[in-house]
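Engineer: Numbering (our numbering), first residue to last: 1 to 342.
By construction, these hints were calculated from the structure, which means they are not laboratory data.
Note that the structure is predicted; figures quoted are calculated from it, not measured.
Treat the hints with caution; some may be incorrect.
[Unchecked claim] Pairwise CB distance ranges (calculated): (1) 212 <-> 289: 22 to 28 Å; (2) 55 <-> 178: 45 to 51 Å; (3) 265 <-> 99: 49 to 55 Å; (4) 132 <-> 158: 22 to 28 Å; (5) 230 <-> 152: 36 to 42 Å; (6) 47 <-> 158: 34 to 40 Å.
Where a beta carbon is used, it is the ideal one built from N, C-alpha and C, also for glycine.
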Amino acid sequence: MIPFSVLDLAPVPAGGTVADALNRARDLAQQTERLGYRRYWLAEHHNMPGIASAATAVAIAHVAAGTKTIRVGSGGVMLPNHAPLVIAEQFGTLDALFPGRIDLGLGRAPGTDQRTARALRRGDADRADTFPEDVVELQHYFAPATPQQAVRAVPGAGQAVPIWLLGSSLFSAQLAATLGLPFAFASHFAPDFLLDALEAYRSGFRPSAELAQPYAMACIGVFAAASDAEAVRLFTSQQQSFLNLRRGHPGALPPPVEDMDALWSPPERAMIDHAFRESVVGAPATVRAGLEAFLQRTQVDELMITAAIYDQRARVRSYEIVSEIRGQLTGGGVASATSARR
């Protein structure tokens, strides 16, 4: 069966706290571990009142400490916001605490607005231009240290922390292919270049010490419930949250509503429908058909699922439904044995 994984932005529910969001994340990780999901990733975002995972390495430690077998990592760390040495030390520490369970997914976007990015980067707004060099530098810190090496990651040096490149365009796909790294595409909110990026990655892939053949993952939103109508209602929390973000007023994850038409204009609806066009929303039969079509079309080696659902029981149930469906699916690529173990 194709591996399924989880992307969590640790949304803060309306009326809740950051502690609530992080504890919900830990609970969901425990539940998805029980269901056989492969990995649980948290994403770096800043200056967003509705997202609790800004200190991504800390959030990963919280989730990893509450689980036993599921891989836990970043989806991703926005590398231009950090010195590569700091990330090597942070994830070297995580790997020391939770050996063989930590993933390091890297992105080149700021994960926030430009003013906050300047605050994070201390005025250096062009760090994304050095992303390829920073990735290579980070790989260097994870390699075994040499006696002559003046700067080492302690911890970090000699630790096999898998690096993934994440993206929503061709840039990271091509870089992942050049470096021989696994690649994950953010089709859960930016689907336009999905197939082009997968083709660029696969056609340009160069085998490396980390990976013998390409290994591609895509992330989509999946909102599953007992009926199509209930799933559509649960999905409105995500739609409202994205609408608020695009209006410049990000906030906590709202409870679902019965009718989105009272909240958005036709152009706003078109924009959100486009951003979430790969999302699968519905009852089990609807979800099965949607996932099957997506896997057949993309032939990804692994599927990552995100679901910003307000009610925690409904969120867990959505992942349970997807887990029940997973064994019935036939699409997806053929991963190498080595990469499938990552």
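Engineer: None of the hints should be skipped; say for each whether it holds.
Structural biologist: Here's how the hints hold up against the structure:
1. In this structure, residue 212 and residue 289 break the distance hint of 22 to 28 Å, their C-beta atoms being roughly 34 Å apart.
2. Between residue 55 and residue 178 the beta carbon distance is about 31 Å. The supplied range of 45 to 51 Å is therefore violated.
3. For residue 265 and residue 99, the Cβ-Cβ distance of about 51 Å falls inside the hinted range of 49 to 55 Å, so the restraint holds.
4. Hint check: residue 132 to residue 158, Cβ distance near 23 Å, so the stated range 22 to 28 Å holds.
5. Taken as a hint, the range 36 to 42 Å is violated for the pair residue 230 and residue 152, whose Cβ atoms sit roughly 53 Å apart.
6. In this structure, residue 47 and residue 158 meet the distance hint of 34 to 40 Å, their C-beta atoms being roughly 36 Å apart.
Checked against the numbered hints given earlier, this structure breaks hints 1, 2 and 5; the rest are met.
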